[in-house]
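From these two lone chains plus the hints, build me the complex, please.
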Amino acid sequence: MGTPSAGQIHRLGRDQLASWVDALLGERKRVFAPVLRRGLRVLRAVERAQDVDFAPGRTRWSPKEFLFPRTETLFSYENRDGVPVLADPPADDVPRILFGVQPCDAAGLVRLDSILLQDPFYARRRELTTVVAIACSEAAPECFCTAVGGSPAGQEGVDVLLAPLETGWVVRALSPKGEALLAPRRGGWETAAAGDWEAALEQAGRVAGSIGRRELPAAWAEKLEQSFADPIWDELARRCVGCSICAYVCPSCSCFDVADEGSDACGSRCRTWDSCSFRLFTQHGSGHNPRATQPARSRQRVLHKFAFYPLQHGGRAMCVGCGRCIRSCPVGMDIHAEVVEVMSGRPEKEAGDVQR
Amino acid sequence: MSSAETAAGPARAAAGTAGPLESPLKPRLMRIVEAWDETPDVRSLRLQPVDDGPPVRWLPGQFGEFSVFGAGEAVFTMANSPSRGEFVECGFRALGKVTWALRDLAVGQVIGYRGPYGNSFPVDSWRGKDLVFIGGGIGTVALRAPLQWVLDHRGDFGEIVVLNGARSVADLCYQKEMPAWAEVPGVHVVRTVDPGGETPGWDGEVGLLPAVFERLGLAPGGRIVVTCGPPVMLHYLFQSLEKLKFPPEDVVTTLENKMKCGLGLCGRCNVGRLFVCVDGPVFTWARMQTLPRDY
Chain U
0 MGTPSAGQIH RLGRDQLASW VDALLGERKR VFAPVLRRGL RVLRAVERAQ DVDFAPGRTR
60 WSPKEFLFPR TETLFSYENR DGVPVLADPP ADDVPRILFG VQPCDAAGLV RLDSILLQDP
120 FYARRRELTT VVAIACSEAA PECFCTAVGG SPAGQEGVDV LLAPLETGWV VRALSPKGEA
180 LLAPRRGGWE TAAAGDWEAA LEQAGRVAGS IGRRELPAAW AEKLEQSFAD PIWDELARRC
240 VGCSICAYVC PSCSCFDVAD EGSDACGSRC RTWDSCSFRL FTQHGSGHNP RATQPARSRQ
300 RVLHKFAFYP LQHGGRAMCV GCGRCIRSCP VGMDIHAEVV EVMSGRPEKE AGDVQR
Chain Y
0 MSSAETAAGP ARAAAGTAGP LESPLKPRLM RIVEAWDETP DVRSLRLQPV DDGPPVRWLP
60 GQFGEFSVFG AGEAVFTMAN SPSRGEFVEC GFRALGKVTW ALRDLAVGQV IGYRGPYGNS
120 FPVDSWRGKD LVFIGGGIGT VALRAPLQWV LDHRGDFGEI VVLNGARSVA DLCYQKEMPA
180 WAEVPGVHVV RTVDPGGETP GWDGEVGLLP AVFERLGLAP GGRIVVTCGP PVMLHYLFQS
240 LEKLKFPPED VVTTLENKMK CGLGLCGRCN VGRLFVCVDG PVFTWARMQT LPRDY
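Same order as they appear, the protein sequences are chains U and Y.
Using numbering that gives the first Met the number 0, the first residue of the first sequence is number 0, and each one after it goes up by one.
Using numbering that gives the first Met the number 0, the first residue of the second sequence is number 0, and each one after it goes up by one.
Isolated chain Y, as found in the complex (with noise of 0.2 Å):
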């Protein structure tokens, strides 16, 4: 019974005749089958589900809410791609009160996972293209499920770079894995931190992020540019790809506006006329032009 009802009176009591309802926003539980850091304060899990149901099913680009028992819930897309989704992933920076719970837990807890949710990279759309994938800081774990997409159906794109970089060294995501991705034939990897990022025996690249891109002298000509990152770094992106005259519909990204439903409903992730749960997360930076800058 709702709070504003129970001050009800005499008509209390009448029995129910169509029982409980579930809420779309009840969660279903994940066991944490691994964790591991990343960084000093990212961290990734590998869930399953508690129950015999069907397997979590998603598609690239696609985000959850994944709750702590008490702390709440936090958005996080998925950061593994559904041709590797026997397990889901998902990637998180320890920064507020439910991610910091979640850090807190070990391999064995039961946590809340529901979705998937939003719209997904047009990964169709990029066949027999070449690819670029630009992530900063956390942002790369948004371009991991399209990343190993497309390496698990290498043959049906062209040439990938992969552009990684971070504030320091020790915040460079997925340092483990970068050396399997750049194995895979026609995959070129780039490491990037910030000028005094980096450390001694550092080989990778040195510079911001934008500037790095640019030095790569990649020319657009059909080439699709996915990128995640903070504000600022998508900021000095953009004109950098303005200069180099990316056309706007092969630059795609996501809005990362704060959420709580997924489901259209709960109205903080409006922007204009479009709610990035279920709109999004995923724009091509061309659509990001026509909407007003409430991201």
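The following block holds chain U by itself, in its conformation from the complex (with noise of 0.2 Å):
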């Protein structure tokens, strides 16, 4: 064993990539991390690390409820004698870990960044929260995050990458959140062979050769802005019943509503996910719609992730391919597809035609 330093890669068997979950719930961390809960693979803050499931795979939902809760409140009211007392919600500044994510969605907060750091609430949490992430060693049919600039073994938004091998892990960190995430275990661990980081790269490569998508380059960008107008997007968005799944899964999509729960005598104002498929999140007052049918509410969807927001974010998509959108929607949409098709004029075979 080395001197452990700063940088260094280090190999873990099973038990101790458990133990060291172990030892950062016992510093008082919370700790996100894949959990089997009733038959769904989902994120949840873990009390030990026997309970996290390390295979492979996407989680149902993506981890940006952690940053990005589904529903939070803002400010709370209470009215006293007619006037409204204002109150802050509570400080909630405990160290937190998203432990074991998948490197598509680590990229996924990556774009949350570029639009929710500006609200301190979120900025807080993501001060506050590492990202160690997993390597993938498979991909699902839906996957296509080579596509959008991603790989299976994605470094972007990633503190700590760990890659699985033969037997046990290699650990690498990526960033000085990282780094200090290591540092207090550097003593106890083994310094990789050479050649495992690389095998782990190896590896992430055959997964990233398994992906059969073609890539979404970003000179398409104002192609498809240009699309703005043509018809093909009503018969692509026909069949989309406007159920908003795929932003509710996304790791990058970020629209909230602003709504109060409550009376006029107390309550709060709260922040909760939305969604561009819905009729209601355009509509005025006086009933005008400027996306009045369920195609253009659709065409949004697409056209702000793979046209408006890189174009204006500097040619990245706001869209890491993890595939959660395809693989949840009821009636078989395909966001790959539906880029590639309004590009080149033709259906892609695999539209709403994935093998699950």
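Take the hints with a grain of salt, since some may be wrong.
So, partial list: chain U residues that the calculated Cβ filter (under 7 Å) puts toward chain Y [to be verified]:
| id | residue |
| --- | --- |
| 1 | Phe74 |
| 2 | Val82 |
| 3 | Ala90 |
| 4 | Asp92 |
| 5 | Ser262 |
| 6 | Leu310 |
Honestly, the hints are just simulated from the structure, not real lab data.
Virtual Cβ for every residue (Gly too), placed ideally from N, Cα, C.
See the structure below:
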């Protein structure tokens, strides 16, 4: 065992990974990790390492809810003798770790950052959060991270990357936050053998190679923007039922509603996830709706992610290719195939026909 | 603590180090000091901060989020000019949950305000020019701030025409104020109602607003058109302006997309690459023509 130093890559046995999680919990850090709950693989705050499911595969929901909660109180109010008294929500300063998320989900947080870091509630949680991602050892049929600049071993937004080896794990810090997380452990951990990291990357390369979906180049954004009035959108989105599950499972969708919960006597003003697929998202009080039809709303979701956002954010799509929207869509809509079809004018063969 | 985190296990309870945060969406408390009906369903409020903090500041055309606690927030443009800024005024039509709740409030009651948000009317670039304000229905509320600004800096501007229209005489906003506007030298006020909306004794114009505008025979020639109204009115007004060869750069309007946060975060006022709440709400007709038709 060499002298522990920053930047070092380590190799961990299966038990060591578990004891690391337990040690983090012992330090009163909040650990969100994949668990199996009633047949679903979901991220939850765990109480012990043995509850964590380290198997490959996406979780049902993205980790965004731990930084951008589904519903969150912005302030509460109470009417005292006719004058409302407002109170800020209590501070929550517990350091937290997103443990075992996929690299695409970590990249999704970087997309959220570009919008929500302006919000102090999000910014504080983000500051308190360290992201430990696991490189993917398999890709699902809906996965397309490689089509939008990601990778099964992607490093964007990742503080510590874990990658599976034949036996055990290789672990590497990729940011100062990641270094800080690993520093107290280094003394007890074995240094990775020469070639361990490369072997892990090679494995990720094989996973990338198994993703059959074509690249969606950033250069498409302008042409997509010009497709706004193209009747193809009516054709493509005719199936959409407007349920918005795509936005709810999305790691990068950041739209929200602001509404009051309570009465005029007391209550709170809340921010809640919302979706551009809903009719009421844009409907005016007068009844006028700029996006009066479901295809118009569906088009907004695709164009915002692949045209409007990238044109304002250095070419990066507001999509990390996690495939959750495709997996969850009740009518088989496929955002990757939609983009390809708009650009090529031809249906993609996998459109709505993903093997599950 | 957020709902997503209440399930947290043993990690809860480490003492806070940085203290509570304040949301940028938290409003300032404002007391209603005056309230009056403009029409059967349009009401105006005059507001003053409850606290002794600095006065509310804004530019003509900027908007605020006004809220009734328990009902929620609604977006209104500030209806008065900052040159008359000892109070904040807003005008709204009772249409939804928030506006109905707001309508039910009385003088002395307290509401929430946050703002100002968005860009503003380019009043400085109008110096020395003739101006036409064309407001349809509740749209006239959005024109009142720049109009008051111009009236308060009368010498800086040329001839002013105000065309104020509504469906019916009862629906015409600012009937009490219009005579005072018309008394200012070089200001010509035209009132109009849609055909069938006139009453016996109505002495204004009758006709759809774009048609009445055409009848006024105003030539472009550097004249600035400032307009706000329902989408269908703007649609036909733009046709008239095109026919009369008004340059799109000289026509200014506001987009009224639904908004929630006012900060460019919540996503709903997105039009192409822009967010109406930060890049608007004031747009020239020329700029509107570069946007996807999503407003």
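Tell me if U/Ser262 is really an interface residue toward chain Y, meaning its C-beta lies closer than 7 Å to one of theirs. Result: holds, 5 Å to nearest chain Y Cβ.
Would the hint on U/Val82 be counted as holding, given a Cβ-Cβ threshold of 7 Å to chain Y? 5 Å, holds
Using Cβ atoms only, decide whether U/Leu310 comes closer than 7 Å to chain Y, and label the hint accordingly. OK, holds: U/Leu310 within 7 Å of chain Y, min 5 Å.
Does U/Asp92 meet its interface restraint, that is, does its C-beta lie within less than 7 Å of any C-beta in chain Y? 4 Å, holds
Do the numbers back the hint for U/Ala90, that is, is its least Cβ distance to chain Y under 7 Å? Status holds, d = 4 Å.
With a cut-off of 7 Å on the beta carbons, see whether U/Phe74 makes it to chain Y. U/Phe74 check passes; min Cβ-Cβ to chain Y is 5 Å, inside 7 Å.
When each numbered hint is compared with the structure, no violation occurs for any of them.
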